[in-house]
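In this note's numbering, the protein residues as written are -19 to 357.
Heads up, a few of these hints could be off.
What the hints assert, rightly or not - The list that follows gives simulated cross-link-like pairs (lysine-lysine, DSBU-like), each with its CA atoms no further than 35 Å apart:
| # | residue 1 | residue 2 |
| --- | --- | --- |
| 1 | K268 | K127 |
| 2 | K(-2) | K127 |
| 3 | K328 | K353 |
| 4 | K(-2) | K328 |
| 5 | K328 | K127 |
Stated by the list, open to error - Pairwise CB distance ranges, derived in the manner of DEER restraints:
| # | residue 1 | residue 2 | range |
| --- | --- | --- | --- |
| 6 | P8 | P54 | 48 to 56 Å |
| 7 | L44 | A5 | 41 to 49 Å |
| 8 | K268 | L6 | 36 to 44 Å |
| 9 | A242 | P294 | 34 to 42 Å |
| 10 | P54 | Q171 | 19 to 27 Å |
None of these hints come from the bench; they were simulated from the model.
All values derive from a computational prediction rather than experimental measurement.
Backbone N, C-alpha and C define an ideal beta-carbon position, used for all residues, glycine too.
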Amino acid sequence: MTATSPTKPEAPAFAALKVNPCVAALPPYNAGMSLTRARALSGRDDLARLASNENPDGCSPAVLAALADGGFEPWRYADPACTALREALADRIGVAAEVIVVGNGSEEMIAAISRAVLVAGTQVVTVVPSFGLHEIEPLAAGASVLKVPMTAAAGFDLTALEAAIAAGPRVVFLSSPWNPVGPALDRPALQRLIAAVPPGTLFVLDEAYFEFSDAPDGIAMLRDSGIAHVVLRTFSKAYGLAGLRVGYAVCSDPELARVIAAAKTPFNVNGAAQRAAIAALADEAWMKASVAGIRAERDRVAAGLAALGLHAAPSQTNFLFFDTGRDSAEVAAALLLEGIIVKPWREKGYENWLRATIGTPAENDRLMAALRKLVTR
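Produce the entire structure from the sequences given, and follow the hints as far as they go.
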C-alpha cells in the first residue's frame, strides 16, 4: 500500500478562527534583547546589561535569606490576597491595606486597570515616548489612546496634558519619573494636572522609579485630591526584584481596589515573590544605599555624555535617555559588538534616541568609552 500525504488545507486553520481584533492589532512590546541572543550576536560573554533598568547591585541579602528559609513551601499556593505584604506596605506608606492591590509586577496592575475600567469606545491619555504597556493594555481593551509628545527640551508638555485631561478621557496613564525619558513632575506641575482631572476620569500615576527621584510623593499628594486615582509602584527597580515580579497599586478608595483586584488572575503573585518583597521592604537601609550609589553614577554618566556632545534628558530614574544624532538601532548594534546591551527607541519621531540603564561603575565606564569611539569616528 502506498502511503498518501495528508491533504494540505487551502488556508491555515488560524485563518478561519475569529480572534479579538483589538488584541490581534496590538503593537509589540519592546522588551529588549535576551541575554542568549545578545551573546550570539556579539560573540561575547562579558556583557554589560544596560537595557532593562535592573538594579546592578542585585537585591538585599535579606531577600536571599528569606528565599532560602526552610519554612518556604513552594508546593503550596501562595496567599491570593497577599495579606502580609499588603499589611507591611500599609504600615510603610500610611494607608489602609484595603486600598492596596498587589500584582505580578506593576505591569499586571496596568492590565487589570484597563480591564476593570475601559471598554470599547473609551479614550486614554498618556505621553510619548511612552512606557509601552500604557498604550498596549488600553488598546487591548478596545480603547483609543491619545499620546501627548514631550517638549523639545525633553520634558512634560503641561499645557497640552492639561487640555487632554480636561477633555475627560476615561483613564490617564502618566509615569513620574517618566519612563523612558527620565524627568519627574514637581509639586506645582503635579498639582496642575490633578486640578485638570474631571469627574469620571481615573488618574493613574505610575511611580515605578519613585525611589530614585526627588519628586513629591504622589500617594500623599493624591490622598486628599478628591479625584479617582491609582498610584503604581514596584519592587523591580530600587529593590532589585525584577525577576520575581512584584508591583502594587494604591487606590483612592476600597471599592476601586476591589474592582481592580477582581480584574487580575487569582494566585497571581507567587509565594517566593511575596516573601522576597516583605524581606526587601524590611531592609530599607540596603535599598537607600543602593539608590544613592546609582544616583551618583547617573550624574557622572550624564556629565560624560554631555562631554561627548550627546544630549540626555534630565533624569530622576536609574537610566538616561539621550539623542544619538543618528539611527539609535545602528548605535545599539555597534555597542553590542563591544559587549554592551542598550535599548534603542523605536517610537515614531524618536528613532534617534537611546535608553541606557545605569550599571556598575565599570559597566558605565565601558559604555562611555564605547560611545567615545563612535562619536569620534
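If you check the beta carbons of P8 and P54, does the distance land in 48 to 56 Å? Violated, at about 32 Å.
Straight-line alpha-carbon gap K268 to K127, limit 35 Å: holds (34 Å)
Are P54 and Q171 spaced within 19 to 27 Å by their CB atoms? Between P54 and Q171, where Cβ atoms are some 46 Å apart, the hint is violated.
Assess, step by step, whether the Cα of K(-2) is no farther than 35 Å from the Cα of K328, and give holds or violated. Holds, at about 30 Å.
Could you tell me whether the CB distance from K268 to L6 stays inside 36 to 44 Å? Holds: the Cβ-Cβ distance is about 38 Å, inside 36 to 44 Å.
Need the status of pair K328, K127: alpha-carbon distance at most 35 Å? holds (12 Å)
Hey, K328 versus K353, does the alpha-carbon distance stay inside 35 Å? holds (27 Å)
Indicate whether the distance between the beta carbons of A242 and P294 respects the range 34 to 42 Å. holds (39 Å)
Hinted pair, alpha-carbon criterion (35 Å max): K(-2), K127. Please report holds or violated. holds (30 Å)
Take a look at whether the Cβ-Cβ distance between L44 and A5 falls inside 41 to 49 Å. holds (43 Å)
Violated hints for the displayed structure, listed by number in ascending order: 6 and 10.
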